[in-house]
Each structure stands twice: as C-alpha cells, then as structure tokens.
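Let's have the full structure, built from the sequences with the hints guiding it.
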Amino acid sequence: MEDFLKFFLLHREAIFIVILSIFLGIEVISHVPAILHTPLMSGANAIHGVVIIGAIIVMGHAETTGSLILGFLAVVLGTLNVVGGFVVTDRMLEMFKKKK
Amino acid sequence: MNQLPQLYTGDAILEITYIITSVLFIIGLKMLSHPLTARRGNFLAAIGMVMAIIATFLFHHKDGKPIGNIGLILVAMVIGTIIGWVIAKRVKMTAMPQLVSFFNGMGGAAAALISMMEFPHIRPELIAKSGMANGEVLAILLGLMIGTVSWAGSMIAFGKLDGKIGDLRIKAMRYVNLTLLVFLIGFIVFIMTRHVQASSELTPLIYVMFAVSVLYGVLFVMPIGGADMPVVISLLNSFTGVAAAMGGFLYNNQAMLTGGILVGSAGTILTVLMCKAMNRSLFNVIIGVFGGTGEAHADGGGTVKEISISDAAVLLSYSKKVVIVPGYGLAVAQAQHICHEMDKLLDEKGVEVKYAIHPVAGRMPGHMNVLLAEADVPYEELVESDEINPDLPNTDVVVVIGANDVVNPAAEDDPSSPIYGMPIIKARDAKNIIVMKRGMGKGYAAIENMLFFNDKTRMLFGDAKASLQNLVNEIKDL
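Order-wise, the sequence lines are chains W and A.
With the numbering used here, the residue at position 94 of the first sequence is 94, and numbering never jumps.
Add 100 to the 1-based position in the second sequence for the numbering used here, that's all there is to it.
There's no promise every hint is true.
[Stated by the list, open to error] DEER-style ranges, computed between Cβ atoms:
no., chain 1, residue 1, chain 2, residue 2, range
1, A, 372, W, 16, 22 to 30 Å
2, A, 172, W, 3, 34 to 42 Å
3, A, 230, W, 13, 17 to 25 Å
4, W, 66, A, 540, 54 to 62 Å
5, W, 66, A, 224, 17 to 25 Å
6, W, 4, A, 134, 37 to 45 Å
7, A, 437, W, 7, 13 to 21 Å
Rather than coming from a laboratory, the hints here were simulated on the basis of the structure.
Just so you know, these numbers come straight off a predicted model, no measurement behind them.
The beta carbon of each residue, even a glycine, is placed where N, CA and C say it ideally should be.
Below is the structure:
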C-alpha cells in the first residue's frame, strides 16, 4: 500500500494527464458519424505515430552499434507510421471534399 | 554551470511546443469527426507532429547531453518518409483497411524497440532506491508487451485482409490465449520483483517477453474471422496509442503521453461503437471466439432464380424507388464509378435512387462511404441502414451489389447463426430484389444466405463491373 501511494505521489501529474486524456478522447469522438469512422481511425493511427519522438530520443543517445541499429529501425518505423498515416488519411478525406 | 540559463530557455520552448502539439492533436481529432472540417483537422494534427519533432531535435537533452547522431536520424526519417509516402499514395482505396493495419503495426514496433533499448539503461540510482518495482520499469515492460502485441497482431490482420493468411480456429486456442496473457502479466510482476544492482542483468528476460508477446499477438488475431477484422484493427490501434503513451511516461514527455492516451481512449470508444454496429461483444472478440459454427449449417434452401440483363434493365427503369446496397464485391470490382453512372441514368428517368450503407459495409466502418465518395456519389444519396429499413417495404427494387452478410436474414431468423442479432439491411422487405454476385460463394462470415433463395430474389451472376456496364448500356437503349 505504501509503495502504491509513493508511486502515485511520484507520478501524480502523469496520472492526472492520463485520466483527463481518457475522458477527452471519449468526449472528442463520441458523436462521430459512421461515415467518418475509417478516416478517423486512420487519423488516430497517424497521431500515435508520436512515438517517433521516443525513437528520436533513444537514437539520439544511442552509443553502441547494436543500439544504433535498433534506434535507426525505430525511427524508420515511427516515421512510416506518421507519414503514411497522415498522407493516407488526407487521401481519404480529399474524396469527401469533392462533393458539394 | 554557465550554460544553465540557456538550457532553461530550451526546456521552456520544448515544453511549450509539446503543449501546443497536444492541443493541436486534440483539436485535430475533434475536427476529424466532422465531415466539413476533417481534412483540416488531419492537417493540424500533422503540423503538431512536425513541431514536436523539430523541437525535440533542437531542445531535448538528457543529463545535459543534446540529441546526437542527427545525421543518421535524418537519414532514417527520410527513408521512412519516402516509403510511407509512396505506399500511402499508391495503394488502392479498397486496400485501405490493410494499410491502416500496416502503419499501425509500424508504430507498435517502434514503441517495442524503444522499450527494448531503454530497459538495460534504467538508472542504477533508481534501482538502488526503489528496486525494480518502479514506474519506469512498469512503463518499459508495458510498452514492450503492448507494442509487440500490436505489431504482431497488426501484421496478421494485414495478411488476413490481404488474403495472404487464412483463419485458424481451434477450440483450445482461447485457453492458450488466456494462458499466454496471464503468463505475460505474471512475467511483468516477476521481473519487477527481482532484486538486482542493474537492470541489464535481466536483459535476457526481456527477449523472452518479446517472444511471448509476438506469439500472443499472432494467436490473438489468428482465430478471428474476417468480419471482425475492423474491430481488431481498431483495438490494435488503441493498443499502439497506449504503447506510445508508455514512452511518454518513461521520458516524462507530455506530447507522447497526451497523444498516446488520446488515441488509446478514442480508439477504444471507436472499437466499442463498431462492436455495437455488429452486435458483437468486445470480450468475445478479445478472447477470439467468432462464429465458426456457420460452416455446419444446412445448405438446403431450394433453387435460385436468375434474371437477364435486359429484364433487370426494364425492371429498374420502370420502378419508382430503387435502393442500392453496395458491398465489398462492388469495391473489389472497382465498380463504384459505373454504379454511380447507372444511378444517374435512372435518376434522369425519374427513378428515386438511394444507397443503403450498412455500418460495416466494405471492410471497415465507413469504408464504403470513402469508396462511393471516390466515385462522386453525393452525400444525400447515402442512407444508413436504420433510416432506410422502414422505407424498404415501399421500395420497388433493392439491388444488392457484392454484399452478402449485411443483408442476410439469418441475423434475424436463426438464433444459431454466428451473425444472429447483427443489425442488417432488410432487403427481403422490398418488392423485388436483384442480387449481383460473382457466384454462389458465401460471404466473408462464411454463412449461407437465405435471401438468395427468396421468391422475390433474382440473381445476376457475373463480375459487378461488367454486369453494371451491360445494365447501363441496356438502360440507355430503352
């Protein structure tokens, strides 16, 4: 119990953000019309590409060859997620725009 | 020490940028849920991402050390950008669901790699103070597990949607899956309760965990039938979000934390919405039981009656109300453009044409809307199934093009059917039904469809595009 409380106090800000973000996420998309489900999923998919920042950080401090290779891979994959995600979402939405 | 003020400025700029990024993600996501603002929303989120990346390059530092290896990182980013861009631009709209799954897997893999690399470098002071049972270790292990499961699962989902991997259904699998899940959680507890000087002593355990997570990800998606695949992709999407958030927790990085959790929770809600549309419980999807009993169903349904192109053309031209039910077959045949041409022709003849869109028509919720939008079909003609159903008894002809499960009456009649309870488009209520189909094959859920044997149903066999082309020519000549 003490460990748990210590953990909570140590990370209370992060826990705060997590809880608020959960509600925010639910709130933000709960009224989305079914027609936008696919683009929305794709857009959300691009947003979690934010993991690229972690990849940059880990690669930026990599020292051994092994970790450089893994870091390189992580950055490539993360970038794929970001770029591919946003571009494909845009392509989908571009089609919606054409009609009046 | 002289550098301190400068570092503070950098830190402040970095944190402010992350706040702006988070806000842009939230606004972007919000705008993505309205048709008119969606594209701008996507663009805003992308700007947020670019800002966060640049700020990280310039201002991030660990114990005073700035980001190194910048050249290599840039090379990696250029490679990722080129590949991602080319794939995203080239892929056919029908292959969209696989693609989302693929990109999702990439994100999951990146998160898992980060965890793997960070694990041996957990600060010894932290371990000396609070042992392995601390937030950082937990974030790393969860990031590894969730990211890996998401990657492995997404790759299987990708292969399945692409038709490269079949279903594998063995009854015992749900127990195997549950056991693996329990094992993984137990393993996390095991690692966190070890007493060591440095986390690197436990590195081999991390590889075991990685291997088991891969196995779980594969087995988790393997038994799930094609009809459930959208739910799985959406779920894995939110997994990757959570995995990214673990990275945010680890690095105390607000942009990663908010972005990841936002996707995690929005993705979960989206998953629930999809489950509702298909009347499936999320729990059943997760432990991997879908139907599967469908194959055993008796085929006995009498005979099917065919209709000729010219008869179909006449029937359609002299109707008042026509409802088109498009399915994946239409998309695969790339027939959405010619279909729109037919509906314009009929419109000129005074026939009222509407499209009935089932929430899961295509391979993903909303997938069919994207495909029809590609063919310039106006919004107003697209009607959701709940709204169109009361209208169907007054409809002269329902044209089912390459759809199957979404019009299957078994969902209402047959409690033993795996799709029983799924809301359907009640095509059988219409006065006439024309079903365009390549052959008598079963739908994605592999269930017999009694609609085809209905007295009011006429079958028009052949490739959807060719059949529609013939129909258009015939209607023009009338």
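Contradicted hints - numbers only:
Checked against the structure, the only hint that fails is number 7, while the rest are satisfied.
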